[in-house]
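> Protein chains in written order, with our numbering: chain A, 1 to 270; chain E, 1 to 503.
Among the clues, some could well be false.
Computed Cβ-Cβ distance ranges for the label pairs, DEER-style [stated by the list, open to error]:
1. E:T385 to A:G38: 49 to 55 angstroms
2. A:P234 to E:R459: 51 to 57 angstroms
3. E:T240 to A:P5: 44 to 50 angstroms
4. E:T385 to A:V175: 42 to 48 angstroms
Calculated Cβ distances over 10 angstroms to all of chain A for the following chain E residues [claimed, not checked]:
5. A198
6. R209
7. Q257
8. K303
9. I308
10. L330
Source of the hints: derived by calculation from the structure; they are not laboratory data. Keep in mind that this is a model prediction, so the values were computed, not measured. Ideal placement from N, C-alpha and C gives every residue a C-beta, glycine not left out.
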Amino acid sequence: MKRSPTFLIGCVLVALVCAVAVVSLLWLPYDPSDTSGGRLVPPGGAHWLGTDKLGRDLLSRLMVGARIALTVGFGSVLVGGVLGVTAGLLAGFATRWLDDTISAVLDILIAFPTLLLAMLVVAVRQASLGSAVLAIGLAMSAIVARLTRVLVKRVLAQDYITASRTSGTSWPRVVTEHVLPNIWPTLLVNLALQLGLAVLAEASLSYLGLGPPPPNASWGRLLQEAQATVLTAPTGAIAPGVLLVVLVVGVNLVADGFRDLADPTRRRSR
Amino acid sequence: MSGILVSSKIVGAALVLSLALAACGTGSGGTTSTAPPAAATIEIGSLYEPQNLDNTAGGGQGVTEVFNGNVYEGLFKLTDAGKVENLLAESHKVSPDGLTYTFTLRKGVKFHSGKPLTSADVKYSIEKVTAKDSQSARKSGFKPVKSIETPDDATVVVKLASRSISLVYNLSYVWIINSAAKNLTTTEDGTGPYKLGAWKRGSTLSLDRFDGYWGAKPTNKGVVFHYFTDATALNNALLTNAVDIVTSEQSPDALAQFKDNKDYRVSDGHSTTKLLLAFNDRKAPFDKPLVRKAVTSAIDNAKLLESIWAGYGSLIGSMVPPTDPWYEDLTKVNPYDVNLAKKELAEAGYAKGFAFTLDTPNYDPHPTAAAFIKSELAKVGITVTINVITADEWYSKVYKNRDFAATLQEHVNDRDVVWYGDPDFYWGYDNPQVTKWVAEAEQAETTEVQTELLKKVNRQIAEDAASDWLYLYPQIVVASSDLSGYPINGLNSQFYVYGIKKG
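Using the sequences and the accompanying hints, generate a full structural model.
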């Protein structure tokens, strides 16, 4: 299988962030809650990226933040994927009224901005990593479900499904043998894109103070904390920003790569 | 009641949101005044736009900033240094039993509408504050008032049910308003040196010199308050000369651009805002003074202050700021000493430490302070769980339902040490001796006795570590260096503008 260069670049970028997260489990330059570094020490020397207002090492906090970003990204894709695909399959196979009901609920969910939905979840539960994952996953599930439903409907309209049914294949086997194999490439591309969006959504939530509570070093929180000191210590805002871009661009490139692999017309054109 | 504690801070929370939404704030257009220096108009930048123009109808700290002493005057005034002086009252007499106060009004005082000031207006104004639907934070101070009489146009007699030494001080917060005035949330009729020019909501509020003023003429022609929701936009306005002065800077890091610049002067005054780590003194483990002392000693307040304010602000070691008459430096009572903290914890039966949840308001500086406290207390074996809540949640969960172990909160008012005499207050500090002293202080015959008693209160609450008073906020005013005569201590967010001069 030929791989496009953008796909490779994407993989490298994502792998980089994953590697940082893994390393952070084994080794950190400083304890991320150690306040002995001094106020807003510039990058260099003992603190490669400097320190924040409380004297905490920025590099250590960024490394821990990578862990949070990936947890939220994969966690919410898992929640959104499972819920969304299930609801989508159900709607795709359902009788008229059930399909209408599910679609109406999905329309309402999609109309809700992710942040608003997240605020509601945080209001009901407490602000925590779990709440963030749940909220983002819920918002995502609506989008995934709608896509799944359309894809399923398209497959079910094919003649070979009718043929298969008349020859006595049960519905569950139709799903596993015909539907899922036909829709997963598109779903995978969509889920990969959603992963990037989830990471950004978590950063926005944390920026607004609705993400995992302090002293959790989520990148969004780091950005928010650095905002007041951006004139005197710009690294504090730039570094988490750059990492966010690296991860999200990486994930999007990977998604593009998936699409190229899954789509035969594109494959032929190269 | 919330006005006493968190008045400004709901605005603060909104500010964070607006910062997030409007990354690039817009400064209002620069008005370059070319009038002669002596009669220039002063352009003032502020983050606190009034909600409305009535301080008994939830006008907020913004209306205090713009109107107190400028548009409305009280019988007395609280100076920038914290002293109470006569203003619309020429003199007052107190009966020997302390229950009857007779105020003689200044002659020749006119409202902006032209009507002369009479005792009926004073009675009306005080009753406006004590009225049932009044939202004034000062309402509770007037509980002892039994009746207000007006024997003639220039005399007001206030009869009390019990002695109240703070009456005169409390009256400095009562605006004297024309009793015939209407629509006070959008207009005004006061006696101050300025009258309201125009209020463009969301943008500016201008004050014009009032020619019929009874006292000394203001040194400027008028002032315009420019309101910003974004601190960066506000600082940019100052840098581009769109405003001449900023009433209160909220971040030390924005000051770098003004500090070493000879065109600007940064003044570092005392505010009355204290950041508290307030324990729930009713519930274990914080019902034991020794535990509270241990926690207090385990936290390096000096380092926290340096982290957040970078050299500004001060440590006070108690609830009393230096502008209160009963201030004493009590920072030595519970010094920062980790070994002492460990010893006290062991004595209290918590040698292995304990765990508690810290309810933390979601706006600055609380989350930062909470993270610091968590890391400090970990060193003595205490595990802190930070629970971030909104201002509304704080009001219902902590303030009303007392459902908390410990919390962070800013207390903005001066002379608020007396709340430690109220066992029903949210922090639940219950020391009958302190309650007695606070009551006696209010009943005192002289301010000396009052001061002595409140000093005792102050020392006792520090001994008991009733709360941990982390630090006192600085009041930072930044102004063009050709400006003079502006107030530097933001007492209760007052901002007298009549002395400000350009050039």
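> Determine for every hint whether it applies to the structure shown.
Outcome of the hint check:
1. E:T385 to A:G38: 49 to 55 angstroms: violated, 27 angstroms
2. A:P234 to E:R459: 51 to 57 angstroms: violated, 46 angstroms
3. E:T240 to A:P5: 44 to 50 angstroms: holds, 47 angstroms
4. E:T385 to A:V175: 42 to 48 angstroms: The hinted range 42 to 48 angstroms holds for T385 of chain E and V175 of chain A, with Cβ atoms some 45 angstroms apart.
5. A198: holds, 33 angstroms
6. R209: holds, 37 angstroms
7. Q257: violated, 7 angstroms
8. K303: violated, 7 angstroms
9. I308: violated, 7 angstroms
10. L330: holds, 25 angstroms
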